[in-house]
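A.B. asks: What follows is the residue order along each chain.
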Amino acid sequence: AQTIHQWPVAEIKAVGSPLSLGCTIKGKSSPNLYWYWQATGGTLQQLFYSITVGQVESVVQLNLSASRPKDDQFILSTEKLLLSHSGFYLCAWSGTGGASYEQYFGPGTRLTVL
Amino acid sequence: GDSVTQTEGLVTLTEGLPVMLNCTYQTIYSNPFLFWYVQHLNESPRLLLKSFTDNKRTEHQGFHATLHKSSSSFHLQKSSAQLSDSALYYCALSDQAGGYKVVFGSGTRLLVSP
Chain A
512 AQTIHQWPVA EIKAVGSPLS LGCTIKGKSS PNLYWYWQAT GGTLQQLFYS
562 ITVGQVESVV QLNLSASRPK DDQFILSTEK LLLSHSGFYL CAWSGTGGAS
612 YEQYFGPGTR LTVL
Chain B
26 GDSVTQTEGL VTLTEGLPVM LNCTYQTIYS NPFLFWYVQH LNESPRLLLK
76 SFTDNKRTEH QGFHATLHKS SSSFHLQKSS AQLSDSALYY CALSDQAGGY
126 KVVFGSGTRL LVSP
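So the sequences go chain by chain: A and B.
Counting in our numbering, the first sequence tops out at residue 625, every number present.
Counting in our numbering, the second sequence tops out at residue 139, every number present.
If you're looking for bench data, these hints aren't it; they were derived computationally from the structure.
Misleading hints may appear alongside valid ones.
[Said to hold, decoys possible] Dumping the calculated DSSO-like pairs for lysine-lysine here, alpha-carbon to alpha-carbon at most 30 Å:
| no. | chain 1 | residue 1 | chain 2 | residue 2 |
| --- | --- | --- | --- | --- |
| 1 | A | LYS581 | A | LYS539 |
| 2 | B | LYS126 | A | LYS591 |
| 3 | B | LYS103 | B | LYS75 |
| 4 | A | LYS591 | A | LYS581 |
| 5 | B | LYS103 | B | LYS126 |
| 6 | A | LYS581 | A | LYS524 |
| 7 | B | LYS94 | A | LYS537 |
| 8 | B | LYS75 | A | LYS537 |
| 9 | B | LYS75 | B | LYS94 |
| 10 | A | LYS539 | B | LYS126 |
| 11 | A | LYS537 | A | LYS524 |
| 12 | B | LYS94 | B | LYS81 |
| 13 | A | LYS581 | A | LYS537 |
| 14 | B | LYS75 | A | LYS539 |
| 15 | A | LYS581 | B | LYS126 |
[Said to hold, decoys possible] Here are some chain A residues pointing at chain B (derived, C-beta under 10 Å):
| no. | residue |
| --- | --- |
| 16 | TRP518 |
| 17 | THR554 |
| 18 | LEU555 |
| 19 | GLN556 |
| 20 | GLN557 |
| 21 | GLY565 |
| 22 | GLU568 |
| 23 | PHE599 |
| 24 | LEU601 |
A quick note: this is a predicted structure, and the numbers were derived from the prediction, not measured.
Quick reminder that beta carbons are idealized off the backbone N, C-alpha and C, glycines included.
Please take these sequences and the hints and turn them into a complete structure.
C.D. replies: Below, the structure is given as structure tokens:
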């Protein structure tokens with residue numbers, strides 16, 4: 512069975528500080544990987560997706576970047592946090608090869624920017 | 026671009042009454058995939074239903090939905106609400122022709138009371 516792990520579980524950071532969030536998936540070879548942001552009480556906004564190592568596509572510009580250094584790892588980062596970055600960050604995976612891209616979400620990281 | 030509309034932000038029901046959550050979508054592509062995700066408090070979203078076949082009812086865990094391409098709708102229904110159904114429900118859209126982008130609606134919070 513596939514498992515998805517996100518780290519850290521929660522972060523409290525200062526405005527202007529850097530950020531790095533991670534996601535690892537086990538039990539699935541070459542998954543599609545995604546980052547989502549969810550504001551408190553808000554909808555899910557897809558941020559990035561990656562279909563292969565080293566390739567990441569941006570869906571929306573929020574002064575964030577993402578990288579996929581390994582097949583099973585997806586990293587979300589920024590050099591300078593804004594207050595508006597607060598929220599819940601979710602990593603997800605989907606199948607490949609003509610699938611319907613149903614999303615399987617990780618446990619998430621709750622980020623508070625002060 | 027693609028969009029998903031969920032008109033109700035909050036639906037409150039008494040246990041045992043039927044549930045209907047609305048979802049309509051807009052897409053330029055002819056073969057959309059529609060999904061319902063459910064997110065319980067302090068949990069991540071998980072897939073509830075999915076469909077890509079016009080006019081075919083899909084069911085899971087007592088919930089059902091039918092994709093109607095003629096009206097661009099994918100409403101979620103259940104015959105009898107349970108207390109455990111209280112959660113946030115998201116309708117989402119993806120399309121193979123549109124790549125790996127997934128668009129979520131704004132979500133409907135369902136509160137079921139005794």
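A.B. asks: Next step is simple, just say for each hint if it's right about the structure.
C.D. replies: Hints, one by one, checked against the model:
1. A:LYS581 to A:LYS539: Status holds; Cα separation ~13 Å.
2. B:LYS126 to A:LYS591: Holds, at roughly 26 Å.
3. B:LYS103 to B:LYS75: holds (15 Å)
4. A:LYS591 to A:LYS581: With a Cα-Cα distance of about 24 Å, the restraint between A:LYS591 and A:LYS581 holds, given a limit of 30 Å.
5. B:LYS103 to B:LYS126: holds (28 Å)
6. A:LYS581 to A:LYS524: holds (26 Å)
7. B:LYS94 to A:LYS537: It is violated: about 36 Å lies between the C-alpha atoms, which goes past 30 Å.
8. B:LYS75 to A:LYS537: Roughly 24 Å between the alpha carbons, so the hint for B:LYS75 and A:LYS537 holds.
9. B:LYS75 to B:LYS94: With a Cα-Cα distance of about 14 Å, the restraint between B:LYS75 and B:LYS94 holds, given a limit of 30 Å.
10. A:LYS539 to B:LYS126: Given that 30 Å is the threshold and the Cα spacing comes to 20 Å, the pair holds.
11. A:LYS537 to A:LYS524: OK: A:LYS537 and A:LYS524 at ~29 Å, within 30 Å.
12. B:LYS94 to B:LYS81: holds (11 Å)
13. A:LYS581 to A:LYS537: Roughly 12 Å between the alpha carbons, so the hint for A:LYS581 and A:LYS537 holds.
14. B:LYS75 to A:LYS539: Cα-Cα ~21 Å, so holds.
15. A:LYS581 to B:LYS126: At roughly 21 Å apart (the allowed maximum being 30 Å), B:LYS126 and A:LYS581 satisfy the hint.
16. TRP518: Violated: closest Cβ of chain B sits about 15 Å from A:TRP518, beyond 10 Å.
17. THR554: This interface hint holds because 5 Å falls under the 10 Å limit.
18. LEU555: holds (4 Å)
19. GLN556: OK, holds: A:GLN556 within 10 Å of chain B, min 8 Å.
20. GLN557: A:GLN557 check passes; min Cβ-Cβ to chain B is 5 Å, inside 10 Å.
21. GLY565: violated (16 Å)
22. GLU568: Hint holds; A:GLU568 Cβ to chain B Cβ min 7 Å, cut 10 Å.
23. PHE599: holds (9 Å)
24. LEU601: With a minimum Cβ separation of about 6 Å from chain B (threshold 10 Å), the hint on A:LEU601 holds.
Going down the numbered hints, you'll see the structure goes against 7, 16 and 21, while the others check out.
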